[in-house]
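Chemist: Spelled out from the first residue to the last, the chains are:
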Amino acid sequence: MISSEPSSVEYAVQINNLSFGWRTGLPLINLQSLNITKGAKVFIKGASGSGKSTLLSLIGGVLLPQTGSISVLGQSFNQLTSAKRDRFRADHIGFIFQMFNLIPYLTAMENVLLPCNFSKKRRLSLLEKNKTLKDEAERLLHYLDLPMNLWQRPATELSVGQQQRVAVARALIGGPELVIADEPTSALDTERRNAFMELLLKECQHQNTTLVFVSHDPTLQCHFDRQIDLEQINLLSTAGA
Amino acid sequence: MPIFTLAVKSILNRKLTVSMTIFSIALSILLLLGVERLRHDARESFTNTISGTDLIVGARSGQVQLLLYSIFRIGNPTNNVSWKSYQDLKSHPLVEWTVPLSLGDSHKGFRVLGTNQDYFTHYRYAAERTLVFATGHPFSAIQEAVIGADVATQLNYSIGQEIILAHGTGEVSFTKHADQPFKVVGILKKTGTPVDRTVHVSLESIEAIHAGWQEGSPPSPVLKRLLKKTSKPLQPKTITAALVGLKSPIATFKVQRFINEYPEEPLLAALPGVALQELWDTMAIAQQALLAISIMVVLVGICGMATAILTSLNERRREMAILRSVGAKPWHIFLLLIGEAFIVMVLAVVLGLAALYIVQLIGRPIIENEWGLYLPTKLPSLNEYILLGCALLAGVLAGIIPAYRAYRYSLADGMTIRS
Chain A
1 MISSEPSSVE YAVQINNLSF GWRTGLPLIN LQSLNITKGA KVFIKGASGS GKSTLLSLIG
61 GVLLPQTGSI SVLGQSFNQL TSAKRDRFRA DHIGFIFQMF NLIPYLTAME NVLLPCNFSK
121 KRRLSLLEKN KTLKDEAERL LHYLDLPMNL WQRPATELSV GQQQRVAVAR ALIGGPELVI
181 ADEPTSALDT ERRNAFMELL LKECQHQNTT LVFVSHDPTL QCHFDRQIDL EQINLLSTAG
241 A
Chain B
1 MPIFTLAVKS ILNRKLTVSM TIFSIALSIL LLLGVERLRH DARESFTNTI SGTDLIVGAR
61 SGQVQLLLYS IFRIGNPTNN VSWKSYQDLK SHPLVEWTVP LSLGDSHKGF RVLGTNQDYF
121 THYRYAAERT LVFATGHPFS AIQEAVIGAD VATQLNYSIG QEIILAHGTG EVSFTKHADQ
181 PFKVVGILKK TGTPVDRTVH VSLESIEAIH AGWQEGSPPS PVLKRLLKKT SKPLQPKTIT
241 AALVGLKSPI ATFKVQRFIN EYPEEPLLAA LPGVALQELW DTMAIAQQAL LAISIMVVLV
301 GICGMATAIL TSLNERRREM AILRSVGAKP WHIFLLLIGE AFIVMVLAVV LGLAALYIVQ
361 LIGRPIIENE WGLYLPTKLP SLNEYILLGC ALLAGVLAGI IPAYRAYRYS LADGMTIRS
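Same order as they appear, the protein sequences are chains A and B.
Here our numbering is used: the first sequence runs in plain steps of one and ends on residue 241.
Here our numbering is used: the second sequence runs in plain steps of one and ends on residue 419.
None of these hints come from the bench; they were simulated from the model.
All C-beta atoms, glycine included, are put in the ideal place defined by N, C-alpha and C.
Careful: at least some of the hints might be erroneous.
[Claimed, not checked] Selected chain B positions facing chain A (Cβ under 8 Å, derived; list incomplete):
hint	residue
1	N13
2	L16
3	M20
4	G75
5	D118
6	V326
7	G327
8	A328
9	K329
10	M415
Please model the complete structure; the sequences and the hints are all you need to start from.
Modeler: This is how it looks when you write it as structure tokens:
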């Protein structure tokens with residue numbers, strides 16, 4: 001059963017003795033323990049090939065560890081069917097990827113509203129606060145400084161920076177407890193990168209969202225409460241050896 | 001349903017390629033429906049050739065052969081029916097009416113039918129429709145002719161036209177009844193039956209032009225002069241076939257048996273409906289082949305659609321990964337692609353159906369004029385709905401191939417964006 005209120009648990013992500021490999025007998029990740037407290041802003045540093053995308057898929061519940069356990073917001077994934085993990089992800093986790101985050105044939109607004117199509121919980125959480133979905137999408141887009149004349153434009157007409165901001169709005173709509181960002185700034189130049197980071201962190205703070213931010217760029221780690229080097233905690237990492 | 005909306009928007013994003021797919025399937029649907037409708041209408045028109053007649057009587061042969069030469073005017077009879085047998089038949093207590101048919105001559109490739117005025121009252125086609133005169137009236141004297149609509153239009157004949165009949169039924173005949181020209185006194189309206197291609201004269205006329213003929217060659221001038229002096233009544237010795245109407249349909253088998261067991265000469269009485277069915281069945285193979293071909297064309301169209309969706313999958317893997325990240329299940333991805341196949345098929349079916357009606361509206365006057373085949377603009381029949389349903393189902397089933405593949409992709413890829 002999915003408990004929709006895992007508030008009694010203080011950890012957003014709890015990993016114990018986890019190991020995963022795409023092929024059995026060839027593990028890629030082996031983590032002794034990784035705990036991320038609720039509301040924390042965590043920076044995970046890892047070079048490409050260090051298994052960070054795999055780690056994010058594990059946290060997102062798309063993959064299951066071969067051994068060990070992972071629980072997100074107090075919910076252990078090991079006991080959930082893949083359909084229930086999909087549902088859990090839709091309800092509780094927002095994702096931001098590197099680039100081309102958006103569905104090209106939908107408008108900016110439709111992209112923002114997309115998670116609400118798959119998660120009743122995120123839909124209801126807005127309605128409970130007496131907000132319509134559209135109002136909230138507009139608030140986020142407005143807050144993220146996306147010019148109003150672009151809201152109804154197809155995603156493909158937006159610049160990369162604008163697309164990333166739409167992706168942030170999409171990850172945050174309906175107030176998921178956890179937001180996972182995978183190199184969201186790598187396509188942005190320095191100036192826009194800082195503006196983007198500021199907006200992202202401020203909105204996560206505002207919604208009291210746990211943020212797990214993965215990047216290979218060490219200059220960004222100053223924005224975060226906690227920094228984790230994946231190569232150090234991954235017992236199988238060869239990059240650090 | 002959000003997935004369905006997504007599928008629609010995804011299709012709109014690829015308007016050109018998808019519309020080409022829809023167009024090609026719509027064309028194949030048009031072909032399928034067109035063939036089906038033509039089959040149906042041809043059959044209808046075919047079975048409409050004769051109605052209201054209970055029995056067709058001729059010399060003993062096969063019922064299909066009898067039907068062919070007496071009604072469709074195709075081929076030649078093996079034997080004739082004697083006038084005496086015809087009179088016996090006519091006076092049978094259960095027989096209401098008879099119409100004699102005498103074939104054997106032609107006019108410029110059109111068959112000449114010797115009969116009597118009863119033909120114009122008793123011959124029925126389609127749903128009990130009688131022959132109607134466009135102009136003129138039935139023949140009443142020797143050497144008067146009534147021509148069918150096609151004869152009139154193709155030879156450009158009008159009332160008062162003098163025509164010369166040829167002996168035999170070939171397109172080109174060397175022996176003509178040139179000495180006894182006929183006058184057109186009536187032109188029939190188009191019926192869509194072999195009547196349109198027939199020259200009708202009285203039995204007496206047939207007898208008159210053959211007076212003195214022996215062994216298929218014309219009489220000598222001496223004999224002819226002799227004949228003119230001794231004017232016998234022009235009573236035919238034989239006829240080719242006869243149409244029979246009965247007082248009650250219950251009597252059909254009784255009269256049929258009477259004719260088939262007629263002791264004085266071998267005769268055959270055929271039920272027009274049964275004979276038409278048998279004849280139609282012999283042609284069934286050709287139409288079934290036509291239908292099979294059009295079904296295959298639809299399948300080709302559907303394969304094209306499945307291929308197009310499959311090819312698009314690779315460039316859409318990112319889209320699928322994004323959908324997975326916002327909470328879509330692999331099952332949703334499956335539905336998205338099946339939905340696309342469904343929408344394509346529905347649009348193609350609707351477009352194909354619309355095209356059918358447009359083609360029919362444009363083609364109807366032409367077909368009616370050229371072939372006398374009246375194609376009514378009617379709602380799709382149950383059969384057509386079944387065909388359309390099967391096409392739709394086949395399309396959606398074919399959509400399972402790319403949809404399942406996308407499902408596998410999205411299971412394997414998860415949220416990892418690969419491209």
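Chemist: Taking the closest Cβ pair, is G327(B) under 8 Å from chain A?
Modeler: holds (2 Å)
Chemist: Please check whether V326(B) passes as an interface residue: C-beta within 8 Å of a C-beta belonging to chain A.
Modeler: holds (5 Å)
Chemist: Given A328(B) as an interface hint, is the shortest Cβ-Cβ distance to chain A below 8 Å?
Modeler: holds (6 Å)
Chemist: Any CB of chain A closer than 8 Å to the CB of D118(B)?
Modeler: violated (74 Å)
Chemist: Is the interface hint for M415(B) satisfied, with its Cβ closer than 8 Å to some Cβ of chain A?
Modeler: Check passed: Cβ of M415(B) comes within 5 Å of chain A, closer than 8 Å.
Chemist: Just to be careful: measuring from the Cβ of N13(B) to every Cβ in chain A, is the smallest value less than 8 Å?
Modeler: It holds, given that the least Cβ distance between N13(B) and chain A is near 3 Å, below 8 Å.
Chemist: Hey, does the G75(B) contact hint survive, CB to chain A under 8 Å?
Modeler: Where the cut-off is 8 Å and the nearest Cβ of chain A is about 65 Å from G75(B), the hint is violated.
Chemist: Should the interface hint for L16(B) be scored as holding, given a Cβ-Cβ cut-off of 8 Å against chain A?
Modeler: violated (14 Å)
Chemist: Does K329(B) meet its interface restraint, that is, does its C-beta lie within less than 8 Å of any C-beta in chain A?
Modeler: holds (4 Å)
Chemist: The hint names M20(B) as touching chain A; please verify it with the least Cβ-Cβ distance against 8 Å.
Modeler: Violated - the Cβ of M20(B) stays beyond 8 Å from chain A, reaching only about 18 Å at its closest.
In the structure shown, a violation is registered for the earlier hints numbered 2, 3, 4 and 5, in ascending order.
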